[in-house]
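Peer 1: Sequence:
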Amino acid sequence: MLDISLPQSIRFERQSDMEATVTIEPCFPGYGLTLGNAMRRILLSSLPGAAVTELKIRGVQHEFSTAAHVKEDVVEILTNIKQLRPKLLDTEKTTLKLSLKGKHTVKASDFQINSQVEIMNPDLVIATMTDEAASLNLDLTIEAGLGYLPVETREKREKEIGRIQVDAVFSPVRNVSFKTEHVRVGGVTNYDKIVLGITTDGSISPEDAFRKSAQILVDQFQRLTQSSDDAETEKSQLSVAS
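The numbers in the numbering used here rise by one with no breaks, and the one at position 39 of the sequence shown is 99.
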């Protein structure tokens, strides 16, 4: 029986806590693109993470307003807030609060301590308070989710005056690059080597992101091997359990 060979080597080379290169070889001819593309898509779109979904600034009615004695307008503050990388701990939703007065460069580390969330980039600059008379009060809603969720695709919520919804990027993986190279196996020279470069936001290691993404693919393809009767049985069991 002729079998399609499986990769024999998977190597991780870590550049930092957030960056690593994964080398997979040798892959059956043509499977480099098949596996590499699939892993890249799953890594970028299908791992759970957390993001800011709503923002409230005391005294500000909408995103085109300005805050007194604050250098940045609300649109700029919103842009900075979108770069915040939270990691939720044993919850799917929480609130971060900030209350400051006087001249101050506002950073993510200035938010009040919350045991349900960890900020992975505490040095992120949020705003610049330019006068001793300045006062800034922020409430951020942090939620868990998958992929990218723009404001217009969300379920309509009762809109509170002054509460601004934020386009949310939940994915903990910031960037994935991949390339394939030919390698020799015996006398055959067109086997593939996959080189994946993975960068995360620090809430998950590149190695864990890779393995969880691979497991998602395994689970999806496992379903394809089931008969329709098996799938219906599992569906019925899930319905009963819920």
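Treat the hints with care, as some may be off.
Each computed BS3-like pair below joins lysine-lysine, with the alpha-carbon atoms no more than 25 Å apart [claimed, not checked]: (1) 161 / 116; (2) 239 / 253; (3) 116 / 147; (4) 131 / 153; (5) 147 / 131; (6) 147 / 163; (7) 147 / 157; (8) 153 / 163; (9) 131 / 157; (10) 116 / 157; (11) 272 / 253; (12) 153 / 142; (13) 142 / 157; (14) 167 / 116; (15) 161 / 142; (16) 142 / 163; (17) 131 / 163; (18) 239 / 272; (19) 142 / 116; (20) 153 / 272; (21) 142 / 131; (22) 161 / 131; (23) 131 / 116; (24) 167 / 239; (25) 147 / 272; (26) 157 / 167; (27) 116 / 153.
Pairwise CB distance ranges (calculated) [unchecked claim]: (28) 182 / 123: 43 to 49 Å; (29) 160 / 285: 53 to 59 Å; (30) 193 / 77: 39 to 45 Å; (31) 123 / 160: 27 to 33 Å; (32) 71 / 182: 30 to 36 Å.
These are calculated hints, taken from the structure and not from any lab test. What you are looking at is a predicted structure, and each value in this text was computed from that prediction instead of being measured. Cβ coordinates follow ideal geometry from the N, Cα and C atoms, glycine included.
Peer 1: Now look at each hint and say whether the structure bears it out.
Peer 2: Status of each hint after checking the structure:
1. 161 / 116: Satisfied, since the Cα-Cα distance of roughly 17 Å is no more than 25 Å.
2. 239 / 253: holds, 8 Å
3. 116 / 147: holds, 20 Å
4. 131 / 153: violated, 30 Å
5. 147 / 131: violated, 28 Å
6. 147 / 163: violated, 29 Å
7. 147 / 157: The hint holds at about 16 Å.
8. 153 / 163: At roughly 31 Å apart (the allowed maximum being 25 Å), residue 163 and residue 153 break the hint.
9. 131 / 157: Within the cut-off at roughly 20 Å; holds.
10. 116 / 157: OK: residue 116 and residue 157 at ~10 Å, within 25 Å.
11. 272 / 253: OK: residue 272 and residue 253 at ~21 Å, within 25 Å.
12. 153 / 142: holds, 16 Å
13. 142 / 157: At roughly 16 Å apart (the allowed maximum being 25 Å), residue 157 and residue 142 satisfy the hint.
14. 167 / 116: Satisfied, since the Cα-Cα distance of roughly 16 Å is no more than 25 Å.
15. 161 / 142: holds, 23 Å
16. 142 / 163: Between residue 142 and residue 163 the Cα gap is close to 23 Å, so the pair holds against 25 Å.
17. 131 / 163: The hint holds at about 11 Å.
18. 239 / 272: This hinted pair holds, its Cα atoms lying about 21 Å apart.
19. 142 / 116: holds, 14 Å
20. 153 / 272: The given pair, whose Cα atoms are some 22 Å apart, holds under the 25 Å limit.
21. 142 / 131: With Cα atoms ~18 Å apart, residue 142 and residue 131 stay inside 25 Å; holds.
22. 161 / 131: Between residue 161 and residue 131 the Cα gap is close to 14 Å, so the pair holds against 25 Å.
23. 131 / 116: Between residue 131 and residue 116 the Cα gap is close to 18 Å, so the pair holds against 25 Å.
24. 167 / 239: Given that 25 Å is the threshold and the Cα spacing comes to 37 Å, the pair is violated.
25. 147 / 272: Answer holds: residue 147 to residue 272 is near 17 Å, not above 25 Å.
26. 157 / 167: holds, 12 Å
27. 116 / 153: holds, 16 Å
28. 182 / 123: 43 to 49 Å: violated, 25 Å
29. 160 / 285: 53 to 59 Å: holds, 57 Å
30. 193 / 77: 39 to 45 Å: holds, 41 Å
31. 123 / 160: 27 to 33 Å: violated, 20 Å
32. 71 / 182: 30 to 36 Å: holds, 32 Å
Checked against the numbered hints given earlier, this structure breaks hints 4, 5, 6, 8, 24, 28, 31; the rest are met.
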